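Participant: Let's have the full structure, built from the sequences with the hints guiding it.
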Amino acid sequence: MNNKPRPYLALLWIGAYLVLIDIGINISFPYPKDPRNISPSGLQQFFEYGRSVEGKLDGMTRKTNEESAPILATGWISDPRIKTFSNAQTGENKPVVTVYGMSHSVQLAEDMAKIDNSLSVRSFGAPGAVPTWSYAAYLSDKERQYSEVVVLAVMTRGVPLICTTSGTTNHFDSVWPYTYPRFMVDNGTLDSVSPPFISLDGYREYFYNSTKWKTYVKWLREYDKYYDPILFQRTFLDNSSLLRMLRRAYAYSSERKKEAGVYDAQKGFNALSDEVRILRSIIVNFAAEARRNHSLPIIYIVNNVSMGDHLYRILEPALSAQKILFLSSHEICPPNDPHNYLPDSHFVPSKNLELAKAMIKIIRENMSARTSIDSKKR
Amino acid sequence: MPFNSISFLIFFIVVYAIYRILPHKAQNIFLLIASYVFYGWWDIRFLFLIIVSTSLDFACGLMINEGSIPKKQRYAISSWIVLSAFFLLVVQWSKLSATAINLRPSWAQLFSWRTGGLIFFAVVLVTLVLNLLYRRFAHFEIPSRRKFFLILSIAGNLTILGFFKYFNFFLENLEAIMRGLGLNPSNLHLNILLPVGISFYTFMTMSYTIDVYRGKLTPTKKLHEYALFVAFFPKLLAGPIERAANFLPQISAKRTVTADHLMRGLQQITYGLFKKIVIADGVAKSVSSVFGAAYQISWADAVVGTLLFTLQIYCDFSGYSDIATGTASLMGFDLMRNFNFPYFARNPSEFWGRWHISLSSWFRDYVFFPLGGPYRSTFRWIRNILLTFFVTGLWHGAAWNYVLWGLYHGVLLCLHRIKESLRGTRKRSKHPLIKSATILGFFILTSLGWILFRSRSLDQAMGIFRLLIKDFGNLRFNAEMPTRAALLGFPVFLIMEFLGNRSRGKRVDEIMPMPAWTAAFSAMIFLIILGLANVPTGFIYFVF
Chain C
1 MNNKPRPYLA
11 LLWIGAYLVL
21 IDIGINISFP
31 YPKDPRNISP
41 SGLQQFFEYG
51 RSVEGKLDGM
61 TRKTNEESAP
71 ILATGWISDP
81 RIKTFSNAQT
91 GENKPVVTVY
101 GMSHSVQLAE
111 DMAKIDNSLS
121 VRSFGAPGAV
131 PTWSYAAYLS
141 DKERQYSEVV
151 VLAVMTRGVP
161 LICTTSGTTN
171 HFDSVWPYTY
181 PRFMVDNGTL
191 DSVSPPFISL
201 DGYREYFYNS
211 TKWKTYVKWL
221 REYDKYYDPI
231 LFQRTFLDNS
241 SLLRMLRRAY
251 AYSSERKKEA
261 GVYDAQKGFN
271 ALSDEVRILR
281 SIIVNFAAEA
291 RRNHSLPIIY
301 IVNNVSMGDH
311 LYRILEPALS
321 AQKILFLSSH
331 EICPPNDPHN
341 YLPDSHFVPS
351 KNLELAKAMI
361 KIIRENMSAR
371 TSIDSKKR
Chain G
1001 MPFNSISFLI
1011 FFIVVYAIYR
1021 ILPHKAQNIF
1031 LLIASYVFYG
1041 WWDIRFLFLI
1051 IVSTSLDFAC
1061 GLMINEGSIP
1071 KKQRYAISSW
1081 IVLSAFFLLV
1091 VQWSKLSATA
1101 INLRPSWAQL
1111 FSWRTGGLIF
1121 FAVVLVTLVL
1131 NLLYRRFAHF
1141 EIPSRRKFFL
1151 ILSIAGNLTI
1161 LGFFKYFNFF
1171 LENLEAIMRG
1181 LGLNPSNLHL
1191 NILLPVGISF
1201 YTFMTMSYTI
1211 DVYRGKLTPT
1221 KKLHEYALFV
1231 AFFPKLLAGP
1241 IERAANFLPQ
1251 ISAKRTVTAD
1261 HLMRGLQQIT
1271 YGLFKKIVIA
1281 DGVAKSVSSV
1291 FGAAYQISWA
1301 DAVVGTLLFT
1311 LQIYCDFSGY
1321 SDIATGTASL
1331 MGFDLMRNFN
1341 FPYFARNPSE
1351 FWGRWHISLS
1361 SWFRDYVFFP
1371 LGGPYRSTFR
1381 WIRNILLTFF
1391 VTGLWHGAAW
1401 NYVLWGLYHG
1411 VLLCLHRIKE
1421 SLRGTRKRSK
1431 HPLIKSATIL
1441 GFFILTSLGW
1451 ILFRSRSLDQ
1461 AMGIFRLLIK
1471 DFGNLRFNAE
1481 MPTRAALLGF
1491 PVFLIMEFLG
1501 NRSRGKRVDE
1511 IMPMPAWTAA
1521 FSAMIFLIIL
1531 GLANVPTGFI
1541 YFVF
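Chains C and G, in that order, give the protein sequences.
For the first sequence, the residue numbers in the numbering used here are 1 to 378.
For the second sequence, the residue numbers in the numbering used here are 1001 to 1544.
Heads up, some of the hints might be wrong.
30 Å max Cα-Cα, derived DSBU-like pairs, lysine-lysine [stated by the list, open to error]:
{"hint": "1", "chain 1": "G", "residue 1": "Lys1506", "chain 2": "C", "residue 2": "Lys4"}
{"hint": "2", "chain 1": "C", "residue 1": "Lys225", "chain 2": "G", "residue 2": "Lys1216"}
{"hint": "3", "chain 1": "G", "residue 1": "Lys1216", "chain 2": "C", "residue 2": "Lys351"}
{"hint": "4", "chain 1": "G", "residue 1": "Lys1254", "chain 2": "G", "residue 2": "Lys1071"}
{"hint": "5", "chain 1": "G", "residue 1": "Lys1285", "chain 2": "C", "residue 2": "Lys4"}
{"hint": "6", "chain 1": "G", "residue 1": "Lys1095", "chain 2": "C", "residue 2": "Lys225"}
{"hint": "7", "chain 1": "G", "residue 1": "Lys1095", "chain 2": "C", "residue 2": "Lys257"}
{"hint": "8", "chain 1": "C", "residue 1": "Lys258", "chain 2": "G", "residue 2": "Lys1095"}
{"hint": "9", "chain 1": "C", "residue 1": "Lys142", "chain 2": "C", "residue 2": "Lys63"}
{"hint": "10", "chain 1": "G", "residue 1": "Lys1216", "chain 2": "G", "residue 2": "Lys1071"}
{"hint": "11", "chain 1": "C", "residue 1": "Lys214", "chain 2": "C", "residue 2": "Lys33"}
To be clear, the hints were calculated from the coordinates, so they are not data collected in a lab.
Treat the numbers as computed from the prediction; the structure is a model and nothing was measured.
Facilitator: So, in structure tokens, the structure goes:
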């Protein structure tokens, strides 16, 4: 063995090996080019996570819906397809309960419908929906005034993302192009700014027009707290699997830093943060608007696994002060017990059923006391 | 600024680039400033503690050996300590940050006279008194003077350490005793922050004065060199606990960065980052899901959680030590070896010669031997061992589970000694199977000890021990799985450890051809990139 240390030669060898690893991964785990292929292998997906947002959008977007990735169509608040679930039959005259929120709330609605056939349950949901999306979905629901009960779901993980405006910035690993307004509290008043497009057609129009796309990116830079050009803009770095992984690590670290100003695992939410102030304002405005429409407003608080009941604790004073009904998941599924959760962070079916029962109980008790169980005249 | 952060990477690149172009004298001063910046990054106020400890031991070292400190030196120490008290405790640096400055703080807000000012005036007063009493000290009889300054140094350091680390522990126990006596004490607990690395640098400074007292070391007359010995940033937060006899000459002499230094440094940094980012951080969530579980864990959870913590603590701490040693090596320094593949130990005596070597040798030299060491009767030897390990446990943390962990190892060592004396002159079997079984057996014993170390309370530790017996064989596994990077990294880690142990710590480039070892390091770099997405956890030993 030649014992003379040659560090520079060693660095060259290591560099060459890393290039080989990079090329090897790209050849062995290529991400399917066809956007309709929705079942890539776990490793294909894993090495794709770090691609830039624009790179991911490019992979899933085509000129028509038939050619594009199915996920592209989800979450658009102006789209009637947003309604992911309803057990109401045409002509039925049952009291209507509408739930707005993320996948957890969709599952809750499904179970509510299974348990109680006397209610007509509608559900408006988007993958990874943050509270601002849910509120915007409520405001854009043209039939909201016909709902006897409206449920707004908020989730612990979604609160730090309140100042985002799109599924492209609120979740880096898998992006969704749907958009929602940016809400802000100005002198105690909840205000909002709408994104340049709020429909799938609008998105396509912008995506395939570089000038329009630039104006959208400029809008994101101005209004979206989580917009980051390193994560968003497509560059040649997308071609390297190792650099994609580095970008993913950067995305996680930058998300953690942004989240730190709003939420701390030990201390809970920062009550002075913009996000918490906006959330409280959204809830108060949602309840006021619902009451104006003679609907019963309820807040469904989804406490994520290992995140304690911090969300409940930060909202409880505002909910009590405004006499807004709520169901907090921590009462039925303690967040510190992982047995209550599936690996994908949803509640286990038995607990989801319990939550649905509890929600129906709240609805029954308060609807009968408030007005009558009879449905509104449409 | 932990080693596994971008901020440290930028810091080190800047420091290294400047360091390499400076002449030797300027290098030392520059490294001292860099080290203070590195430490002040956490909390600038605690930098004052390091300066107090440094000044105290520097002065005590000179007084023990020479009996005098030249006037110029005295003024230098005095003004250094007074100025640092003002700038680190009175000036409110947080008000000068970019965001705070936008709020236009008033002059009054830039200074903290209530707490910082109080300490500042106390420091001025004590410095004045010590300067006035200097002539008296210098006229002490030699043996009394030497003893006086040794005691002053040890008492000073232990007071700092005791207050910041053990004061609340003492109060909690006092409260418990008072409650036991039927009294109802109000909450005596003080809100004290533990300065990072305090146990490490106070032990370094104490060993300096003790060695000077013992005549093993001539004290340095250059304050900045001594200050650099204490604060050198790679080892400041979690060791190795360097001895002045090894490190001070390296500061004084002109350093050359050789190809050997570069090779060793880069290898150690890479392997250290691999152990920390890929393995330790990769299993951290799994370990927490067992030891922090709010539900009833099973036997399988307890076993896997314990084994993963055994890996985590080793990879976390030895990873830190490797990065520290590697970083120092790139600058031409040779730090002492802190770990020597401890999980290949066959008995407790071997284990403590391989685990946290700088601490175990410190306790051997400054606690065990002064107590009488191994040279007296078996009873005295056992007493000395148990006392030494009691203190070793307490050093790790102000809680009874650490003390028990120390005593557990003390008892293992005593049992080993009894077993060895019963064996007499019979030789150990060299059969590979027996050797492997002995290593595995002691690994299990070490892992059981880590339950005491990791548990949040004694009750929890006892609960896990009970579970290991009563729930034996329950394979229902609920804990979180390690990350993908960690799972891929385990085989690489095992191969590296096995090769390292077999080659008795030789560098891989000395035992393998370049294409082979560079392939291993490339795999490690790939896994580090993969592991960077893990939630980074702080180095476990930073809190000790």
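Participant: Determine for every hint whether it applies to the structure shown.
Facilitator: Going through the hints against the structure:
1. Between Lys1506/G and Lys4/C the CA atoms are separated by roughly 14 Å; this keeps the pair inside 30 Å, and the hint holds.
2. In summary, the hint linking Lys225/C to Lys1216/G is not supported, as the alpha carbons are separated by about 61 Å, beyond the 30 Å threshold.
3. Proposed proximity of Lys1216/G and Lys351/C is contradicted: the alpha carbons are some 69 Å apart, above 30 Å.
4. Of the pairs offered as hints, the one joining Lys1254/G and Lys1071/G holds, with about 28 Å between alpha carbons and a cut-off of 30 Å not exceeded.
5. Between Lys1285/G and Lys4/C the alpha-carbon distance is near 42 Å, which puts this suggested pair outside the 30 Å criterion.
6. The straight-line distance between the Cα atoms of Lys1095/G and Lys225/C is roughly 26 Å, inside the 30 Å bound, and the hint therefore holds.
7. For the proposed pair Lys1095/G and Lys257/C, the alpha carbon gap of about 22 Å is at most 30 Å, so the pair holds.
8. A C-alpha spacing of about 22 Å is found between Lys258/C and Lys1095/G, which places the hinted pair at or below 30 Å, so the restraint holds.
9. Using a Cα cut-off of 30 Å, the hinted pair Lys142/C and Lys63/C holds, with the two alpha carbons roughly 29 Å apart.
10. Among the hinted pairs, Lys1216/G with Lys1071/G is consistent with the structure: their alpha-carbon atoms are about 26 Å apart, no more than 30 Å.
11. In summary, the hint linking Lys214/C to Lys33/C is supported, as the alpha carbons are separated by about 25 Å, within the 30 Å threshold.
Hint check: violations occur at hints 2, 3 and 5; the rest are consistent with the structure.
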